[in-house]
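Chemist: Sequence:
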Amino acid sequence: MSSGSPESDRPVLAGPPSGMGAADQELLRIATDVLDRRYRTGVHEVAAALRLSDGSVVTGLHVEASAGRASVCAESAALSAAVVAGSPVVSVVGVLRRPGGTMHLIEPCGVCAELLGDHAPDAQVWVAVGNGFGPVGVAELLPFRRRRSARAAAGAVTAPAGTPPGSATPEV
1 MSSGSPESDR PVLAGPPSGM GAADQELLRI ATDVLDRRYR TGVHEVAAAL RLSDGSVVTG
61 LHVEASAGRA SVCAESAALS AAVVAGSPVV SVVGVLRRPG GTMHLIEPCG VCAELLGDHA
121 PDAQVWVAVG NGFGPVGVAE LLPFRRRRSA RAAAGAVTAP AGTPPGSATP EV
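Numbered by this note's numbering, the letters in the sequence shown go through residues 1 to 172 in order.
Each statement offered as a hint is correct.
Distance windows between CB atoms, simulated:
| id | residue 1 | residue 2 | range |
| --- | --- | --- | --- |
| 1 | G130 | A67 | 35 to 41 Å |
| 2 | E64 | G101 | 16 to 22 Å |
| 3 | A23 | A70 | 29 to 35 Å |
| 4 | G101 | R146 | 35 to 41 Å |
| 5 | R98 | P121 | 26 to 32 Å |
| 6 | G21 | A65 | 33 to 39 Å |
| 7 | A14 | V84 | 29 to 35 Å |
| 8 | C109 | G134 | 16 to 22 Å |
| 9 | G137 | G86 | 18 to 24 Å |
| 10 | G134 | G110 | 17 to 23 Å |
| 11 | Q25 | G100 | 21 to 27 Å |
| 12 | A70 | D118 | 18 to 24 Å |
| 13 | S56 | G130 | 31 to 37 Å |
| 14 | S18 | V84 | 32 to 38 Å |
Hints are computed from structural coordinates only; laboratory data are not their basis. We put the CB at the ideal spot given by N, CA and C, even for glycine.
Make a model of the complete structure from these sequences and hints.
Modeler: Structure representation (structure tokens):
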């Protein structure tokens, strides 16, 4: 890790951050591998890897669209895969590659932070903190986050396909 690069004020990621355990280093390696395979300037610049409570890992890739609203963030894509897998998310690592080639840990955008708050509220997310990096809880991403009262009262539950009404299971 070093201080910011000419193309970003984010700290440059030069290997696993100090204090990052082996499991999260694996997430970092997997997200970086996704970018190594799929990076395209302005189209695929962010990859995310999420560790689930069963030990499995799901990934997502930023997919830019010509109509900006249609773009999909890497964290959202990975979170969708986690929901399909049916196991709670425990850790999130997102990696950004700038056009000049520098790598950075990147925190989820506001929309992705909202989604993580709904579907992975107990997960840890690795972010840039000052000139270094560290894990923070999803709740720390949006400290004044509000939930719609109906969603909060329902405990954000959904039922898997084919489940009889009234027997929903907690959402992951």
